[in-house]
Amino acid sequence: MNDMILEIRHLSKSFGTHEVLRDIDFSVAKGDVTSIIGASGSGKSTLLRCVNLLETPTSGDILYHGESVTDRKVNAAAYRSHVGMVFQSFNLFNNMSVLENCMVGQIKVLKKNKDEARENAMRYLEQVGMAPYINAKPRQISGGQKQRVAIARALAMHPEVLLFDEPTSALDPEMVGEVLSVMRDLAQGGMTMLVVTHEMAFARDVSNHVVYMNQGVICEEGAPADVFGNPQKQETKDFLSRFLSK
Amino acid sequence: MERLVQLGADMAKLWDRCGGDYLNGIKNTLILALVATIIGCLIGLVCGILQTIPHTKNDPPVKRFFLALIRAIVRVYVEVFRGTPMVLQAVFVYYGLPYFTNNAVKFDNIWLAAILVVSINTGAYMAESVRGGIISIDPGQTEGAKAIGMTHVQTMTCVILPQAIRNIMPQIGNNFIINVKDSSVMFIISFTEFFAVHRAAVGQTYLYFPSATIEMIGYLTMTLIASFILRWVEKKMDGNSDYELVQEDSLTMTAGTYRHPNTGTPFDEHSKEYRDRVQQELKHGRTRGER
Chain A
1 MNDMILEIRH LSKSFGTHEV LRDIDFSVAK GDVTSIIGAS GSGKSTLLRC
51 VNLLETPTSG DILYHGESVT DRKVNAAAYR SHVGMVFQSF NLFNNMSVLE
101 NCMVGQIKVL KKNKDEAREN AMRYLEQVGM APYINAKPRQ ISGGQKQRVA
151 IARALAMHPE VLLFDEPTSA LDPEMVGEVL SVMRDLAQGG MTMLVVTHEM
201 AFARDVSNHV VYMNQGVICE EGAPADVFGN PQKQETKDFL SRFLSK
Chain B
1001 MERLVQLGAD MAKLWDRCGG DYLNGIKNTL ILALVATIIG CLIGLVCGIL
1051 QTIPHTKNDP PVKRFFLALI RAIVRVYVEV FRGTPMVLQA VFVYYGLPYF
1101 TNNAVKFDNI WLAAILVVSI NTGAYMAESV RGGIISIDPG QTEGAKAIGM
1151 THVQTMTCVI LPQAIRNIMP QIGNNFIINV KDSSVMFIIS FTEFFAVHRA
1201 AVGQTYLYFP SATIEMIGYL TMTLIASFIL RWVEKKMDGN SDYELVQEDS
1251 LTMTAGTYRH PNTGTPFDEH SKEYRDRVQQ ELKHGRTRGE R
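If you read the protein sequences in the order shown, they are chains A and B.
Just so it is clear: in the first sequence, position 65 is 65 by this note's numbering, and no numbers are missing.
Just so it is clear: in the second sequence, position 249 is 1249 by this note's numbering, and no numbers are missing.
Check the hints yourself; a few may be wrong.
[Said to hold, decoys possible] Once the Cα atoms are required to be at most 30 Å apart in a straight line, the calculated DSS-like pairs of lysine-lysine come out as: (1) A:K73 / B:K1063; (2) A:K73 / B:K1027; (3) B:K1027 / B:K1106; (4) B:K1236 / A:K114.
None of these hints come from the bench; they were simulated from the model.
Throw the hints in and build the complete structure from the sequences for me.
Okay, here's the thing in C-alpha cells:
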C-alpha cells in the first residue's frame, strides 16, 4: 500500500514503569480524517506526540511513506516539517505577531523569501478568518482566534498530514464552533488529518475513521457509523453512552 | 541646621578643588560598569545557552560527554566567581597572574584588568540568570517551534532567546547598578573610579564626611538615571499594547473594532470632532457632496 502516509507499527511508550501505550497499530492514508477518541489518560495525546516525535517511542516503529522515522539517524526536524501539529494550548510564539508566527517557519525551515512567505501566510490566515489580525500579538487575541492562527501556522508549512491534539479542549464553549468549522472546511478540502478530540459530533460527522482508545490500547476502530452506531466492545458502549448522554 | 550649612560649605570647597576629579571618576565608573556589564551579559548568555542544550539518553556518547564537560566547567566558573569577593578576584588577577607567571602575563593597562575582573564576575551571575530565563519559558513554545520543523538553534534564536532576554532585562539592570557601585573595590588595583577619587580628595583636604556625601549623591544619581533608562528600554521592548486591524474592505466590521467609550470614534455623537462638525454644519450648512 503506497498511499499510506503514516503507518504506526506496534508502538509502545512507557514513562518509567508506567506503560502509557501498548502495541498501537494503525495507518493513515492520504485524505483520511482519523479521529482518536477515548477517556482522559487513555494515551491519545501521547500517541499523537509520539507520531510527531515530541516523545520518543519506547518500542515499535513509525513509518512515513514507508520509511522509518524513529531511527536515531533520521532528521527529526525535517520530518516534523512535513507533519503539522496543532496543540491544545496553541503554543503560538509570544514574541511574534500573528503574521510573523505564520511566516517564521517558512523562512527558517522552508527557506522561502519574505514576500513569498507573507503571501502564503496571508492566504491561510484569510482561510481561517484571521487576516484582519495579522498585527496582533498572541496575548491580544482570544483562545479561538489563537487556535485558528495556530492552524494557519501549521498549514503555511504545507504539511502532508496535520495532527490535532485536543484543539478545542482549552477553549470557551462559544469559541469551539469557530475552530471546528475551520477544521471541517479543511477536512472537506481533502487535508489528511489525525485528530485527538472529545468532540464526538466532529468525530462522527467529519472523520472517515474513528479509533477508540482505552488504557493505552486501541479498543475498537472503524468507520464512524460502525463505531458510533454499532459498537462491538462493552468498553466502547460504556464510553459512548457516557459521552452521548451529556 | 548649622551642621548642614557647614556640610554644604565644605562640599562646595571640595568641589571647587576636586570637582574635575569627581567628574572624571564618575566617567570612569560609568564606562567600566557599562562595558563590563555588556561583556558580562555576553559571557552569561553563552554559559546559559550552553547549559540548556537538551540531551537525551539516545544521543551519541561523544555528544553526551562534551555536554557534561561543558556543564561542569560552567558550574565551576559560576561557583568560584560568585562565591568569592570581587576585591579578591581583582587582586588575584592583577597581582596574582604576574606573580605566578614570572611577569610573563601582566596588565600594562589598568582598564583591561578592571574590565576583565568585573566582566567575569558579572558573567558568573548572568549565567544563572540566563539559564533561569531560558527554562522559565513555557515548554509549549519549544514544542510549537519543533512541530513546524525548527532545529534547536533556530528555536533558540527565533523563539526562546527573544523572550528570555526580555524576561532577564530586570536582572541585567540589576547587574549594571551593582557594577556601578561595586566597581568601587577596583581602588585596590589603583583604578581611578569614583570612589578612588574620594580617597584621594580626603587625603588632600581631610574633609572626610563632605566628600562621602558627594559620593553618596553621585552614586545615587547614577543608579537612578540607570533605573529610569532601563525601565524605558523594557517598555520599548514590550512594544505597543494596541494593534490595528487590517481590513481591505472597510465595511467589514469585526468584533473588537469599536473603541473604548471614553475615547469615542469620530462618528460618535459624544466625541469632540462630531460636535465640532455638527456646529460647523449648523453654521455654514452642509456642502454638497459631503455626507
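Hints, one by one, checked against the model:
no., hint, result
1, A:K73 / B:K1063, "holds, 14 Å"
2, A:K73 / B:K1027, "violated, 56 Å"
3, B:K1027 / B:K1106, "holds, 25 Å"
4, B:K1236 / A:K114, "holds, 25 Å"
Hint violations for this structure: number 2 only, all remaining hints satisfied.
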